[in-house]
Each structure stands twice: as structure tokens, then as C-alpha cells.
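The task is simple: from the sequences and hints, build the whole structure.
Protein chains in written order, with our numbering: chain Y, 1 to 303; chain S, 1001 to 1303.
Please keep in mind that the hints were generated in silico from the structure rather than gathered at the bench.
Bear in mind the structure is a predicted one, so any value in this text is a computation, not a measurement.
No residue lacks a Cβ here, since even glycine has one placed at the ideal position from N, Cα and C.
Among the hints, erroneous ones may be present.
Below, in silico cross-link-like pairs of lysine-lysine (DSSO-like), each with a Cα-Cα straight-line distance of 27 angstroms or less [stated by the list, open to error]:
#1 S:K1177 - S:K1035
#2 S:K1247 - Y:K247
#3 S:K1177 - Y:K35
#4 Y:K247 - Y:K35
#5 Y:K177 - S:K1177
With the Cβ distance kept under 7 angstroms, some of the chain S side facing chain Y (calculated, not the full set) [said to hold, decoys possible]:
#6 D1051
#7 G1054
#8 D1055
#9 A1119
#10 R1164
#11 T1165
#12 E1170
#13 P1206
#14 A1207
#15 G1211
Label pairs and their calculated CB-CB ranges [unchecked claim]:
#16 Y:D282 - S:D1260: 47 to 57 angstroms
#17 S:E1159 - Y:D282: 27 to 37 angstroms
#18 Y:D261 - S:P1118: 25 to 35 angstroms
Number of protein chains: 2
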Amino acid sequence: MTQTDWIAVDWGTSHLRAWLLDAGGTVLDHRSSAKGMGTLERDGFEPALLDLVGDALTDGAITPVMVCGMAGSRQGWAEAPYAAVPCAPPTADAARLVGTNDPRLRVRILPGVKQMHPADVMRGEETQIAGFLSLNPGFEGVICLPGTHCKWAHISAGEIVSFRTFMTGELFALLSKSSVLRHSIAASGWDDAAFAEACEDAMTRPAVFAGGLFGLRAEALVGDLDPVTARARLSGLLIGIEIGAAKPYWLGREVVLIGDDALVAPYRQALQAQGCPVTLTDADRMTLQGLRAAHQSLKDPAQ
Amino acid sequence: MTQTDWIAVDWGTSHLRAWLLDAGGTVLDHRSSAKGMGTLERDGFEPALLDLVGDALTDGAITPVMVCGMAGSRQGWAEAPYAAVPCAPPTADAARLVGTNDPRLRVRILPGVKQMHPADVMRGEETQIAGFLSLNPGFEGVICLPGTHCKWAHISAGEIVSFRTFMTGELFALLSKSSVLRHSIAASGWDDAAFAEACEDAMTRPAVFAGGLFGLRAEALVGDLDPVTARARLSGLLIGIEIGAAKPYWLGREVVLIGDDALVAPYRQALQAQGCPVTLTDADRMTLQGLRAAHQSLKDPAQ
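See the structure below:
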């Protein structure tokens, strides 16, 4: 078996994912576990990492590990203080070197990025942005990263100039699973026309958003609103108010969407309906590419 | 002990409350239990009622019970179909007579009110509106009932002309207790200035609402946002977008607020900041008064 030269790790709140790479940069294996930051105490990170990749380490040798994500937060493994915008996505120079009990590990955690006015933070997305920029040097425009907390970042001259976070994914989950709307919202399924109409309405008239949420429940009770239609309409109301608020980001610019297919599809639909040119990229690939760029920037990864 | 002549019941999703009244209309006792509709199967309602008030019934006699609220929903004790706006709050004529195993009970459930376009429903608030109108005949204006699902009702000529529901209270609970914001929001406390500023901002620029939610978390991380200030600001963002969307209701009209003091206080502050004249009334008193009006309209309560 080819020896693992270094390990790339994406450590979020709810997941831990690792890629094992050889000296030529080829991925030997991709592994994941549910041991996200949210489930771990400070002394649980090294054991969780060893559980996942310990068999790939070589006795007597040092395997560099490059980490991005919430593992670098104050409640994580070790705090990697935020870089402040405007800035390029942090490189390995700014990474936090973490002491480990296992001498075979040399763990570095990449910082997140913060913005003071208006206050905002990201941890993990900056590495996806770094990955995209390493593949598309000279890109000028906007990168949108849909997810639990969707980020919009304005990129110019290789730097994150400003960014804004919307809780759209978390609101969708709370409303569809934990609110009174749960009785009226299907667990899956989609309705393009219902999404498009609700999205456009909420974008242009935010009053539709505030009043429209309970309307989904009411229309199921007094009418015959289909739960799949209700699901698409809820998504439309939430993404519509987000797209409306993010207009200073996308208006007149090219938007790159980074995320899983299911997450980015409604954003693409909404932006294209506004005549906004959209490019789709794969989130996992950008994460790995960003970690790769950080690793390659190290002069001596074993130090 | 004076004999209970009839019983007024407010039966919501999460509570059951009963007033025992004598023949002169004096309240002999007020009791409550946690056996709300949400906790009961259909055959659990009569036992729950007997647990609470059974000792006040007289063997060989019939005690009328007038009920409002979610007990009349499809998932409740017995469905009392909605009246449709425009309509006066339903009276006892429209109440659903519910069969009971205990011959001492004569239970009636008042219907809720529905609106077809835009779809909306209420159950319980129509009885508070009836109570207010019985004390203020000829009232023309708007009644706002803050709560888990805040209702705005346009009242004219004794009828509910139209109404709109906002999930503001439920959104506040979900965001402050179950979202990532829970780390940054105090469980209690208030900041008038922070509320006023966030409310005004969200009302006039709804983009502030969408982007401002995660900002509460970010400002706690990169700044020093006080959790009490964050609590007031979250309330301001949510009530601000509601007040903005409800503008066609309150603009140029007198608004009556029905609700508990803590619930109505921020609405009063927000509406007064807009120059809107506001009158406060007590929710429990209006509920009881509405049930009283319904009971008194019965020709023969024991039938």
C-alpha cells in the first residue's frame, strides 16, 4: 500500500472528514466520522482523529495534518484566531500548530475569517474559497456558499473584501422540523413553480415573507396545500428574502456557487431568474483543494 | 360554598384553564392544568376536564361548559368548523355541542375563524376579540394579539373583516433556544434602545432582518455583544419585520393590544415609535369576557 504523505481534514460542527494523500498529491482514501466539534471536549479531538486515520500513520515518521473548520474555534481543539477582512484566505503561515500526544502527528489548524462591521465570521468556507482561487487565479466576483449558514463573499485581487452570513439553512430546518409548520411540510420533494413564485415575492416584497410563513400552515388547514408545494414555497420564502438582502453582492456580478447539488440548486434557480450568471462548483473538491494549497505553501510540513 | 352555575374554559395547545362562575357571573375559582390539546388523545379531553373541575359539578344537575381554543380543532376534542371572514366572532349558536360520558356535563366548543385569501386561521383569539367587542361595542380599528402566533385583525361594524398571522413568538423561541444564536442570547433581560434600533431598521429595511440574525452570533464572537442586548435586538428584528409587514393594518388606525404584559410591551414600544395610538387590555379578562358573552347568548344553557 502506498504510504500516506499527509492528511487533509475538514472538521466542522457535526462532521469530521479526512483525505489521505500520497507525496504526489493523489487521494489514497477518503474517510469520515460523526465526531464533529459539537460532540467533542477539548481532549477528545486527538483520539477522534487517531480513530479515523491512526492506521495510516507510520511509526518513527511524522505525518502532517492540515485542518480547516470549527476545530479551530474557541470551543474546538485549539483556537486559530480569525484573520480580518480584507484579506486573502489564510495560508499555512497563519495556521495554529497544535501539540499532540502522539509524536507521529504534526497538526495545523487554519484560521477562519472575521469581519468587524457588520460583524461576521466564517470557519471552513475560507478554505473552500482558497481552493477555488487556487484553481481560478485572478477571479473577481462573488462566491456564494449555501449551507446551514449561507455565506456571500465579495472577492477582488485575491482577497475576501467583505462577506455576509444568512441563517437560511438553519431556519429552514427549524421551521420545517420543529415549528407548527412541520405538520404541513413534506420531508422531501420539490415544486419548481411554487419555489420560483414564493422566492420572487419574498425578494421584492419582504412583507410576504413575514406573513407567508404561517400561511403555509393555514392553507393546509383551510385549503388543500400539497406538502411538497409547501416545502418548495417555504424554501422560496427563505431564499427569496436572502437573495433580496444579498442584492448588493450579486447585482451586476458573476456568482460562483460552492456547495452540494441539492443545496445550490434553488440558489441557482433564484439567481438565474434575476438574470444573474451563475457557475457551479463542487464543495468537497474546493475544500480539498484549499487544504492542498495550504499544505503546499509549507516550507517544511514536518516542522 | 356557592354552587358553580357554569364553567368557562380556554383550552389551547399547551394549557387548559377553567373559571368556575356562579349564577350572578362572579368567578368562584380559576384553575389551570398543563393538559393542553397537544398532550391529549381524543378520549383524554373529558377525563382532563373532570380532573380539573369534577368536584364543582353537582350530581343530578347539568353544568354548562363553554370552551374556546384548540380543543375545537380537527386534532382536538371535537371539531368546531371555522366561521369565515368577514364575520362577527362566533357566538354560542355556532358552538359544537360535544357528547360526554358524564351526564352532569353539557360541553360546547366555540368555532375558530378562517380566511381563504390569503389563507389564515385563528382559534381562541376570536373569543378574546368577542370579549373586547362586548365591552367596547361599536369599536372600529385594529386588534393585535401578540403570542406564539401573533394575530392582527381589522374590526369594523362588529365583524372581523380580515386578519393576518405572524409566527414571531415561535420564531423568537426557536432562534433563542434552538439555533446557533442560543449561545449569544440571554434567557431574560431587556434593552430598550437596542430593541428600538433593531425594530426600526428591520421595519424599514427588511434586508437588515435577514443579515442581522447571524450578526448577533458574530458580534458576540468578534466583539463584545451583551447577551441581554442581543436578546432585545433579536426581538427587535422579528417584531420589526412583522410591524413592517402589518403596516396596512395599523397605519392611520387605533390599535388595541390584547396579551400578557411582557408580550405586548415591545409591540406597544414599536407602534408608539411609529406614532400609532395604542390601547392595552388584559388577555385573560378578554377571554373570560368572550366566553361569558357566548354563555349569556344561550337560550337554555342546560340543553
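Comparing the hints with the structure gives:
1. For the suggested pair K1177 (chain S) and K1035 (chain S), the alpha carbons sit about 23 angstroms apart, so the restraint of at most 27 angstroms is met.
2. Distance check on the hinted pair: K1247 (chain S) and K247 (chain Y) sit about 24 angstroms apart at the alpha-carbon level, within 27 angstroms; holds.
3. Straight-line distance between C-alpha atoms of K1177 (chain S) and K35 (chain Y) comes to about 23 angstroms, which keeps the hinted pair within the 27 angstroms bound.
4. A threshold of 27 angstroms between alpha carbons decides the hint, and for K247 (chain Y) with K35 (chain Y) the separation of about 37 angstroms lies outside it, so the pair is violated.
5. Between K177 (chain Y) and K1177 (chain S) the alpha-carbon distance is near 15 angstroms, which keeps this suggested pair within the 27 angstroms criterion.
6. Below 7 angstroms, beta-carbon pairs count as interface contacts, and D1051 (chain S) has none with chain Y, the closest being about 27 angstroms; its hint is therefore violated.
7. A hinted interface residue such as G1054 (chain S) counts as satisfied when its beta carbon comes closer than 7 angstroms to some beta carbon of chain Y; here the least separation is about 31 angstroms, so the hint is violated.
8. Against a cut-off of 7 angstroms between C-beta atoms, the interface hint on D1055 (chain S) is violated, since the closest Cβ of chain Y lies about 34 angstroms away.
9. Annotation: A1119 (chain S) was flagged as interfacial toward chain Y, and the flag holds, the nearest CB pair being 4 angstroms apart, inside 7 angstroms.
10. Contact between R1164 (chain S) and chain Y, as hinted, is supported at the beta carbon level, the nearest pair being about 5 angstroms apart and thus within 7 angstroms.
11. Contact between T1165 (chain S) and chain Y, as hinted, is supported at the beta carbon level, the nearest pair being about 4 angstroms apart and thus within 7 angstroms.
12. Taking 7 angstroms as the C-beta contact cut-off toward chain Y, the hint placing E1170 (chain S) at the interface holds, the least distance being around 6 angstroms.
13. Look at P1206 (chain S): its Cβ gets to within about 3 angstroms of chain Y, closer than 7 angstroms, so that hint holds up.
14. Interface hint at A1207 (chain S): satisfied, since its Cβ lies 4 angstroms from the closest Cβ of chain Y, which is below the 7 angstroms cut-off.
15. Evaluation of the G1211 (chain S) hint against chain Y yields a held restraint, the C-beta minimum of about 5 angstroms falling below 7 angstroms.
16. Between D282 (chain Y) and D1260 (chain S) the CB atoms are about 51 angstroms apart, so this pair conforms to the stated range of 47 to 57 angstroms.
17. Distance hint for E1159 (chain S) and D282 (chain Y): a CB-CB separation of about 57 angstroms, inconsistent with the stated range 27 to 37 angstroms.
18. Between D261 (chain Y) and P1118 (chain S) the beta carbons are some 33 angstroms apart, a value that agrees with the proposed interval 25 to 35 angstroms.
Consistency with the previously given hints fails for numbers 4, 6, 7, 8, 17, ordered from lowest to highest.
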